[in-house]
Amino acid sequence: MKTVTLRYFASIRETVGVGSETLRTDAPTLAALRDELIARGGAHAAALARGRAVRLALDQVMAPDESASLPDDGAEVAFFPPVTGG
Amino acid sequence: MGAPRVVIQTQDFDLSAEVAALRAGDARVGAVCTFVGTVRERNDPPTLPAAHGALALQAAEPPEATPLRAVPTRIGEPGAAALSPQGADSPWGGPAANRGGSSVTAMELEHYPGMTEQAIEAMIDEAHRRFALYGVRVVHRVGRLAPQEQIVLVAVTSAHRGESFQACEFLMDYLKTQAPFWKKETTPEGARWVDARVSDDAALARWGIAARNA
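Note that the protein sequences, when read in sequence, are chains A and B. Numbered per this note's numbering, the first sequence spans residues 1 to 86. Numbered per this note's numbering, the second sequence spans residues 1 to 214.
By construction, these hints were calculated from the structure, which means they are not laboratory data. Possibly wrong hints are sitting among the right ones.
Stated by the list, open to error - Just so you have them, the derived chain B footprint on chain A, three or more residues with Cβ under 8 Å:
| # | segment |
| --- | --- |
| 1 | 4-10 |
| 2 | 17-30 |
| 3 | 70-81 |
Note that beta-carbon positions come from the ideal geometry of N, C-alpha and C, so glycine has one too.
Using the sequences provided together with the hints, build the complete structure.
Right under this line is the structure:
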């Protein structure tokens, strides 16, 4: 098991109901982590459902997709909708 | 070193002061290009015939996908006219009240502290690799903003204008789709998160960067 800090932003933060949480997980990749959160059901499933536009950052760097491996311990994974700054 | 290259702040910024600080003491500088994005009170797209590539992309989008757009302040850009007190005479058809769409009464900007600065720093590094630049400064506001307020500043210096013009546009195209900011606008119908625009991804793709956002 490894410890991951999860961060949520914008509409996803509002749906999940918290801005961050800590999780113990065996998920090998970002995709598996997202699936694990969806499997919780409830607000997490609603916010992160497949088919919704969800973008991810791993350790504060934009993830081009969800294939990246989840580092052994202490990673920060953020889930958010497409960005709209500028 | 002088001021940091990237600043995220709630308070407003002063364009003249920012440019002066960026140029200060650097006699190599022969060109300064700046972009200022502001909060529009309109949330539907312009209806003019497409005059150039960027407008053509906008026109192809559904109206609900373009709730807010940073207004270019280059002379001759249609957006600049929308800022003028004579908005009713602008080619965009005048102020919000005359056109019946939803008007934005306030906007809330959220960001991802830490990642935001890191992401924009990386964009500036990339701009330096692509263009012969001397200085770059990016200021982006967060928190609650009212219509017509300034949101973002990109300022670039170089020896000649071409590099500054290009770098300024490159940085804005990059920032729009890859910097972690989110806008929530308040309208008479309620608050809603602004949708990302496919045309912004296309704008970045023109620079050879294929990064999906919208």
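Against the structure, the hints:
{"no.": "1", "hint": "4-10", "in the structure": "holds (count 3)"}
{"no.": "2", "hint": "17-30", "in the structure": "violated (count 0)"}
{"no.": "3", "hint": "70-81", "in the structure": "holds (count 3)"}
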